[in-house]
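Modelling step: build the complete structure from the supplied sequences, incorporating the hints.
So the protein lines, in turn, are chains A and B. One point on numbering: in our numbering, the residue at position 39 of the first sequence is 39, and numbering is uninterrupted. Position in the second sequence counted from 1, then plus 1000, gives you our numbering.
It is worth saying that the hints were derived from the structure and are not from the lab.
Covered stretches of chain B (in silico footprint by chain A; criterion: 3 or more residues with CB under 8 angstroms from a CB of chain A, positions within the stretch not fixed): (1) 1037-1046; (2) 1051-1064; (3) 1092-1106.
C-beta: ideal position from N, C-alpha, C; glycine also.
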Amino acid sequence: EDKVVQSPLSLVVHEGDTVTLNCSYEVTNFRSLLWYKQEKKAPTFLFMLTSSGIEKKSGRLSSILDKKELFSILNITATQTGDSAVYLCAVLFSGNTGKLIFGQGTTLQVKP
Amino acid sequence: DSGVTQTPKHLITATGQRVTLRCSPRSGDLSVYWYQQSLDQGLQFLIQYYNGEERAKGNILERFSAQQFPDLHSELNLSSLELGDSALYFCASSVRGTGPDTQYFGPGTRLTVL
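The following block contains the structure:
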């Protein structure tokens, strides 16, 4: 059975801390791994990773994929209260479909 | 704002009833996806349409059906509703519907079944 597992499930840090969120997967026909941030409502897209070892970066957020060990990490440096959200990892399958399988999410709370 | 619109924002109904959720994709996007998010199941893929045709199916119940119209908007029909159908229903859209194609999510419809 295809599955995506995120850890930790929840995390509380203080502003300025650096956090690492983990996502491991066991799927057939892997194409890409995506990270989304979900605050109040809709998930918003952060990164798509397709190749192993190539870091994607956007401001204080960065992510990397390891296709050999089947995992990805999302790093957030110098956290701010606005980073408080649920971070979702999802796997996109190869083939003629855009089906995404999501992990259960990591709830991050950043305290002032 | 992702450009994906969903109506209604909230829906409260009774068990056994039928409801229709509507989604308009971003301009230029040909593919539409429906997801269900509940507290115990997380975000679950239901179904995908591409340019009016069904492209992929997930764990969608037989009581649920969807379609994509020629103007590319989509509707998700939920019938014989049960308490367990209460959830947040998201629509997402993308350009191609396959490959490294980013999905953009709408604001969701919160369905409450009483």
